[in-house]
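Asker: With the hints as constraints, model all of the structure from the sequences given.
If you're matching them up, the sequences are chains A, B and C in order.
For what it's worth, this note's numbering labels the leading residue of the first sequence as 1, then goes sequentially.
For what it's worth, this note's numbering labels the leading residue of the second sequence as 1001, then goes sequentially.
For what it's worth, this note's numbering labels the leading residue of the third sequence as 2001, then goes sequentially.
By construction, these hints were calculated from the structure, which means they are not laboratory data.
Wrong hints could be hidden among the right ones.
The calculated DSSO-like cross-link candidates involving lysine-lysine, where the alpha carbons are at most 30 Å apart (straight line), are [said to hold, decoys possible]:
1. C/Lys-2136 x C/Lys-2109
2. C/Lys-2154 x B/Lys-1292
3. C/Lys-2151 x B/Lys-1185
4. A/Lys-172 x A/Lys-278
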Amino acid sequence: MPTGIAGSSALLRRRRLARFAPKRRKKEIKVLVQETTWRDWALVALPYLWMLLFFLMPFLIIFKISMSVTEIAIPPYSPIVTFKEGAMQIILHLENYTSIFTDEDGTYLKSYLKSLQVAFFSTLLCLLIGYPIAWALANCKTATRNVLFMLIIMPSWTSFVVRIYAWMTLLKRDGLINDILMVLGIIDEPLHMLQTDFAVYVGIVYCYLPYMVLPLFTALMKVDYTLIEAAYDLGCRPVRTFFSVLVPQTRSGIMAGSMLVFIPALGEYVIPELLGGKGSILIGRILWQEFFNNRDWPLASAVAIVMLTILAIPIVYFLKSQRKARERV
Amino acid sequence: MNEFISRRRSKAARIGILTLALIFLYLPITMLIVYSFNASKMVTVWTEFSLKWYGVLIHDDAMIRALGISLTIGLLSAAASVVIGTLAAFVMTRVHHFTGESAFMLFMTAPMVLPEVITGLALLLLFVTLGDLVPVFQERGIIAIWIAHVTFCSAYATVVIRSRFIELDVSIEEAAQDLGAGPVKVFFLIMLPALMPAEVAAFLLSFTMSMDDLVITSFVAGPDSTTLPMQIFSSVRRGLSPEINALASIIIAVASIGTFIGWLSLVRKQKRMEADAAKAAEEARRERERLKA
Amino acid sequence: MDVMPETAAAAGGVKNVRRPGELPGQKASPAGQGRNPILQIKSLTKEFGNFTAVDKVDLTVYEGEIFALLGSSGCGKSTLLRMLAGFEQPTSGSIMLDGQNINDLPPYKRTINMMFQSYALFPTMTVRQNIAFGLKQEGMPRARIEERVAKMLKLVHMEDYIDRKPFQLSGGQRQRVALARSLAKEPRLLLLDEPMGALDKKLREQMRLELVDIINSVGVTCLMVTHDQEEAMTMADRIAIMDRGEFVQIGGPREIYENPNCRFSAEFIGSVNIFDCKLVSSNATQSLIETGDFERRIELSHDLDLADGMPLSIALRPEKIYISSQIPEEQTNWCEGIVENIAYLGDISTYYVRLSRGRTVAATLPNVDRFKTGLPTWDDHVYLSWDPESCIALTI
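Answerer: Written out as structure tokens, the structure is:
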């Protein structure tokens, strides 16, 4: 043994040095566990190619077509690349973009602003209505919660158009709401509700509310309620507790829910078309009209590209936060 | 005492909120169903009970044809979405770090958040461009709609299946390998049975999304392939009709029966798990007694 | 002689005869003597990016022994086990099973089976189907499968539970089914990943002995991974202590406890008082050592291969210290202090004695007397002494 002590000292010294090296977290190890093999690549290939072909490609094509002008042809736009006398010619038109921004009536800019406004306020409404619902749901007994959860989700399993149609019958001049208000004597004359912005808000809130409630509910289920008790214990009043304890803990749910409402609401077509009036010209409707009614595909493409640019920040933010949540799992 | 009051108040608040929410969610649907049994052509004035509009619906050939198209596309899209979703979820949870991984994640999740008008326009322009090369895309029939639907449905299917993949215990798959099962066998014998509830859920979700889609379909569909939502939409745009009420009632009935069955199987599964846990606890108790002896 | 782990093991646990602690009842038979090596690992390394989980490890496991890899979490023991099972690909080095390199063999082609920490029983299959799974993959005829399943269930005393599902079993029962499943294919090497990790403490102690009995009755060679030193000591014939991807020491339980080869080893197993010291003089029969922690010198009854004046550490186990109220007669190997704290643990009590120079030393006394008469109490002035053989000299 004595020889052993001295002889192994070099080994031991090395070990002691190693012990001072920074310790790595376990998670890091886990992520690096597997190397990619050809078999993994084969598995990645199908979904990857599908999405590349049918998702990325189309956007490049939209971008390309937004640079051409309409023509009476099939397809109804001018080619960008032409061959003339053996030479390749590339013509890029920026008219579509200039006409969006410098249109005399400002139709496009106005409708972009209007869309942003509608999307923003509907998101806010959904949040204000959805948060109490999610809170009440999260605080129920498990059995009751399951039933209620099903009940809240169920309407979204029925047809979207049918749900809008239902509100058309309710909001009509001789619809149920006007009837009730008249019978109660609150109003003498039927209110004009259908084909107004009010109807659009009602429609969006009705259809998108579950998308807000779901992530909020998930976030609220994860909240550590002892923190709230601790806050009360330390003398924090309910309202303050809500903003300083509950809201920060459910931030991820609030953001996810808001994005899930805001992004699709911005491009909504069906709801303003059926419930909105002539004033509710949202950008989704403009795009639709340019495409189907005016058959101006290049302009519709340009409208879409501008809309995508507006949405880029919230979409990237949303996807990033989703990814973070994924990594946390 | 103070706490008692606040707890009771919070319960009252909970009941109030949920009641209002359910009224808001169900009032329009209930009214639809009620007026589907109305004899009058007016969708808002009640005259007498009648099944007349259901009869009109059954004889509406355009509507029935649209339903057939929608069902076909719905089933095909759901099947393809589940396959792609399973592959994508597998890749996301079991294969780490490959080139272009973040781009892959983006492609798989983006279709869920993009406004439908953009996705629809993008896909149509793609089909027009590809139409020169591959004639299938030129027709803009069922196949084109199917491809469009699979593109966004598979994103949803991926999310559902992926969350189940995460719950699975990797060591069970390793145990199967350890006992001599190759990767393919492990997938079919071990993983697929465990994934089944998620596969079913993803199928149903994709089917519903496909059946319900209006905007994207309107862009890619040609004149001969009108789906059910498109048919409803054009009919609603023409004016309110009790026939739509009848159709809506049927859709709602199907959806609620589906939801109910789902709920029932969930409850049954929970009961079974409770029974198993009780048995296990009983065995543990006996084990402790044996230890004492 | 270099105490590289592999040489120590291959040399059949040759120990210095002068070392103390060679008492009867040593569990480990000197490993490898006349035995057939089953598993040989040479210079095995696993890197994750720029993090080295397992660093050039050498190891030989002999037929029929139970070998334990002991270490705290993140020391690389699980990675090593997973490389043996085939779930991780080594960065370099080789794994030989029965003289054959199995580096590139996928897990499903190795004659190694593993019992997982979570047991990893197939939840949708019954006990019977679980145990039969591996046999079916081999393509064994049904009748023989039935026979083997029955035999395995008998071995683990689970015959009555053949048609139960895993979720209907208690933790201990699940463990036995998992064991039966991994033994069913009659593997050359059985891997146990934290075998008691999912059980509660009482059950653990019972199951340890049961598990060893079953493994011994089958005669399978077994390599286990654990972070629980008690588990390793009771179950294994030989133990390797692992730290930061390397083996610190390999040996029988008694050898590792009584003759730790470095500070890490000494501190990892059991509790120990370690004094920083300096060698005063050393000859064939006696070494004198000086420490800053108390006045008296430490005396060892053997020589140290170290220059005079060189630093070293002396490790002293608490149970090897005598506590007395009378001043010892010897010139060396004692110190004095005041009882600062007493931890009553039932079977023994640990006394924390504050020496006059500020150092606290732990010493234990068995609680032989129910009414603890004559034992020191708080604030008593006591003398701590020990035998020269009890001290372990460490260069680190």
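Asker: Look at each hint and say if it fits the structure.
Answerer: Verification of the supplied hints:
no.: 1; hint: C/Lys-2136 x C/Lys-2109; result: holds, 14 Å
no.: 2; hint: C/Lys-2154 x B/Lys-1292; result: holds, 23 Å
no.: 3; hint: C/Lys-2151 x B/Lys-1185; result: holds, 26 Å
no.: 4; hint: A/Lys-172 x A/Lys-278; result: holds, 16 Å
Consistency with the previously given hints is maintained throughout, with no hint failing.
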